[in-house]
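Visitor: Throw the hints in and build the complete structure from the sequences for me.
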Amino acid sequence: MHTDGSSSTTSPTGAPGRAELAAIFSEFIDPAFVIADPETQRPYECDGLSMYCQQPLLVVLPETAAQVQRVLHICHQRHIPVVARGAGTGLSAGAMPHPDGVLLSLARLNRILEIDPEARTARLQPGVRNLSISEAAAPFGLYYAPDPSSQIACTIAGNVAENSGGVHCLKYGLTVHNVLGVELLTVAGESIRLGGEALDSAGFDLLALVNGSEGLLGVVTEITVKLLPAPAQARLVMAAFDTVQAAGNAVGAVIAQGIIPAGLEMMDRHAIVAAEAFCQAGYPTDANALLLCELDGSAEEVAEYALLVEQIFQQQGATSVRVSRDEAERALLWKGRKSAFPAVGRISPDYYCMDGTIPRGQLAYVLEEMEKMSQSYGLRVANVFHAGDGNLHPLILFDASVPGEFTRTEQFGAEILALCVKVGGCITGEHGVGVEKIRQMAVQFSDLELAQFHAIKAAFDPAGTLNPGKGVPLLKHCQEYRALGHGTEPNDRPTGNSAVRHR
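Each residue of the sequence shown is one higher than the one before, starting from 1 at the first, in this note's numbering.
These aren't lab readings, by the way, just hints derived from the structure by calculation.
Fair warning: there could be bad hints in the mix.
To be verified - Listed below are the simulated DSS-like cross-link pairs for lysine-lysine, each with C-alpha atoms no more than 25 Å apart in a straight line: (1) Lys422 with Lys372; (2) Lys476 with Lys422; (3) Lys457 with Lys476.
Quick caveat: nothing in here was measured; it's all calculated off a predicted structure.
Guide: Have a look at this one:
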């Protein structure tokens, strides 16, 4: 057991202090995985959005669902906040700890419990990595479709919490469309099962409610997902354009032809140059925009659609079109896209990854508006996103060492999200709300809608101790935010979160 040497046994609220709580958990969890020492807790103080960080009272890493259940029961009895965490790859500060609470890591529950090739399902513990599912299913000719860029590290329960997507979500859906059932522990540690191995189940669709609930309603301890047959063939069509607007119009042209690609991604010049330098995928670095369109199915179907998409891109003004010749080339072209986020780190000290969704028909307009904002704020933007389903991931490039630059970056990001809502979209596609977008919930939803969200939260967690302060804002904060102009005037917009330490 790691301790900080504190002699305090109770907190100011009367709940057990760090040392006492650590001793209680160490009775049934290996003391090496009960972390009270602040320095050893450092890796858990934030998720992938590292500008927001907070150290917890305690970190625990149970090994079994029964241990998770006991942790929840103990914390519930003592009114101690609990924040569940997977691999920490999230990008909305959704897994940031509570300073007076327990950070509950599910990383050690990482076993694939069953692969059923006949039913085409997999039963998994919450800490199983996304990519591991497809690796385990591959010998049976199957795979798991949702594939976030962080799939090499992110966990399936984290995917459920954020309703993650990925480059293939256009055709095969988000996590919610690929999860058949979950076992969920309530805030009090009671176990319930939602869904199952059948395509449907009786009662309200609480399974869909849990997907994307950001750890606010319960802690997932087991997930059953559907597996898909690996396609006979897949081919990638890559097209370069002189402008992002032309590329945006080409996306609409493909969909208008009734073609549903397996994936349809866009990258702008900043992202192209960074990704090419990072992994030498063969991207045309003189292009201002790049589209990656994957087609899968039978060999005949793929050949027909690849030719049609190539023609559409040329008609839309593509300066070059390249079709992958084999599986190795297809994988390399995707590697560049999936490496884009870390690659951008080479061209900027820091970047802020946004996540908004818009109607496809608004793509060209929104990209033009973002370029104007970029010039106004004096901050570069690298665009890497799921163009086919309108899920934008603009990366705002900044330098955290420059005083005030992160605040300006947050203001820019808030304006992008407001624009998404204005054109009929929403403030998040797959990263969740967490702490990052909690103020923008006031832009997206009315007080009546937010009150309903609070009612759902209260039905599962009456005391509000599961991941408190995330996802759904207090109504009074929303009213204050709207009183400042709905976040549309940069100088009036509140930014950050006073309870959070910024790096």
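Visitor: Each hint: holds or not?
Guide: Evaluation of the provided hints:
1. For the hint pairing Lys422 with Lys372, the CA-to-CA distance comes to about 16 Å; that is within 25 Å, so the pair holds.
2. With a CA separation close to 23 Å, the supplied pair Lys476 and Lys422 stays within the 25 Å bound.
3. For the proposed pair Lys457 and Lys476, the alpha carbon gap of about 17 Å is at most 25 Å, so the pair holds.
Hint check: no violations occur; every hint is consistent with the structure.
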